[in-house]
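Undergrad: Single-letter residue listing:
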Amino acid sequence: MRAGKSFDIRLSTDDPAEAERLLRRMCEKLLANTVVEEYAVELTPAAPASAAVGDPFP
Amino acid sequence: MKSGVVVFPGSNCDHDVYHVLKHVLGQEAVFLWHQEETVKGCELVVLPGGFAYGDYLRAGALAALSPVMAAVKKHAEAGGLVLGICNGFQVLLEAGLLPGAMRRNKDLRFLCRDVYLKVERTDLPFTRRFKQGQVVRMPIAHGEGNYEDGPAALDQLEAAGQVVFRYVAPDGARSDEWNPNGSARAIAGIVNVRGNVLGMMPHPERCAEMVLGNADGLELLAGVVESAVAVGASR
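Protein chains in written order, with our numbering: chain U, 1 to 58; chain Y, 1 to 235.
These aren't lab readings, by the way, just hints derived from the structure by calculation. Quick caveat, the model's predicted, so the values are computed rather than measured. All C-beta atoms in this analysis are idealised placements derived from N, C-alpha and C, irrespective of residue type, glycine included. Fair warning: there could be bad hints in the mix.
[Claimed, not checked] A short list of chain U residues far from chain Y (calculated; beta carbon distances all over 12 Å):
| # | residue |
| --- | --- |
| 1 | D8 |
| 2 | S12 |
| 3 | T13 |
| 4 | D14 |
| 5 | L22 |
| 6 | R24 |
| 7 | A32 |
| 8 | V41 |
| 9 | E42 |
| 10 | A46 |
| 11 | A47 |
[Said to hold, decoys possible] Here are the simulated DSBU-like pairs of lysine-lysine, each with C-alpha atoms no more than 35 Å apart in a straight line:
| # | chain 1 | residue 1 | chain 2 | residue 2 |
| --- | --- | --- | --- | --- |
| 12 | U | K29 | U | K5 |
| 13 | Y | K2 | Y | K74 |
| 14 | Y | K106 | U | K29 |
| 15 | Y | K73 | Y | K106 |
| 16 | Y | K131 | U | K29 |
| 17 | U | K5 | Y | K74 |
| 18 | Y | K22 | Y | K2 |
| 19 | Y | K40 | Y | K73 |
| 20 | Y | K74 | U | K29 |
| 21 | Y | K40 | Y | K2 |
| 22 | Y | K106 | Y | K131 |
| 23 | Y | K40 | Y | K106 |
| 24 | Y | K40 | U | K29 |
| 25 | U | K5 | Y | K106 |
| 26 | Y | K106 | Y | K2 |
| 27 | Y | K40 | Y | K22 |
| 28 | U | K5 | Y | K40 |
| 29 | Y | K22 | Y | K73 |
| 30 | U | K29 | Y | K2 |
| 31 | Y | K131 | Y | K22 |
| 32 | Y | K131 | Y | K73 |
| 33 | Y | K131 | Y | K74 |
| 34 | Y | K40 | Y | K74 |
| 35 | Y | K2 | Y | K73 |
Turn these sequences into a full structure, and let the hints guide you.
TA: This is how it looks when you write it as structure tokens:
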């Protein structure tokens, strides 16, 4: 078994279609090596900006 | 022949290749910093071993997007010679200049040892001084050298004669025991269809002088120099 990687990426757009387009492009170009890896993109609404700057692993 | 050795932040075999080209073979050699936008008129570009950009994300992934790689792609498209050694091979794969990908070695350990390689092709500038089927010894030093591609892609690679070096036993026989990293079809080095871009995990520059106990690797670099001289003479 081989575990892949997961990335939490915060985008400045609030357009889901645009967000998905950007993320898929990032995966294709750099984040995944599609020769041996698959990727999946999941969108979640961002928490308020003030909460987002804190420690991601409190 | 003028050679350029690319230097990424984290390259660590750049001076070794430069030394062999310049001092052992007596050729003009320059370093090409990763931010260069041309290959400065070099006939051969070497992507050396090391840990370019720390190999963050995946080995070679970030280096593949550096400015100099755009120039290396142009150089390759124009028929210029490119040699990727170890990390340089990983960069060539990530940059799409060669097909396939690298995974972690089969036992997940970094391997630093000599291996035996069978030379599958001798009609390339890189292999012209070897004999067909010759077994040579070179060192490897890598954690991600487990070459992989889909079965159809591997068949195509074989059919097109793009496999240049394979891991074998000292007598030239193929077996899992002598395939150190688990590479598909025991692949240690491949070339593009055109024959001007070679990627290999073993380090020819680390075995290019008898004072180091082994000069099998010198034949590879000397062959490239010879072919460049031959091309120059025929012009």
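Undergrad: If a hint holds in the structure, say so; if it does not, say that too.
TA: Consistency of the hints with the structure:
no.	hint	result
1	D8	holds, 15 Å
2	S12	holds, 22 Å
3	T13	holds, 23 Å
4	D14	holds, 27 Å
5	L22	holds, 17 Å
6	R24	holds, 17 Å
7	A32	violated, 9 Å
8	V41	holds, 17 Å
9	E42	holds, 20 Å
10	A46	holds, 24 Å
11	A47	holds, 26 Å
12	K29(U) / K5(U)	holds, 15 Å
13	K2(Y) / K74(Y)	holds, 17 Å
14	K106(Y) / K29(U)	holds, 26 Å
15	K73(Y) / K106(Y)	holds, 31 Å
16	K131(Y) / K29(U)	violated, 40 Å
17	K5(U) / K74(Y)	holds, 32 Å
18	K22(Y) / K2(Y)	holds, 9 Å
19	K40(Y) / K73(Y)	holds, 14 Å
20	K74(Y) / K29(U)	holds, 19 Å
21	K40(Y) / K2(Y)	holds, 9 Å
22	K106(Y) / K131(Y)	holds, 30 Å
23	K40(Y) / K106(Y)	violated, 39 Å
24	K40(Y) / K29(U)	holds, 27 Å
25	K5(U) / K106(Y)	holds, 19 Å
26	K106(Y) / K2(Y)	violated, 38 Å
27	K40(Y) / K22(Y)	holds, 17 Å
28	K5(U) / K40(Y)	violated, 38 Å
29	K22(Y) / K73(Y)	holds, 24 Å
30	K29(U) / K2(Y)	holds, 32 Å
31	K131(Y) / K22(Y)	holds, 25 Å
32	K131(Y) / K73(Y)	holds, 30 Å
33	K131(Y) / K74(Y)	holds, 31 Å
34	K40(Y) / K74(Y)	holds, 12 Å
35	K2(Y) / K73(Y)	holds, 18 Å
Hints 7, 16, 23, 26 and 28 from the earlier list are contradicted by this structure; the remaining hints agree with it.
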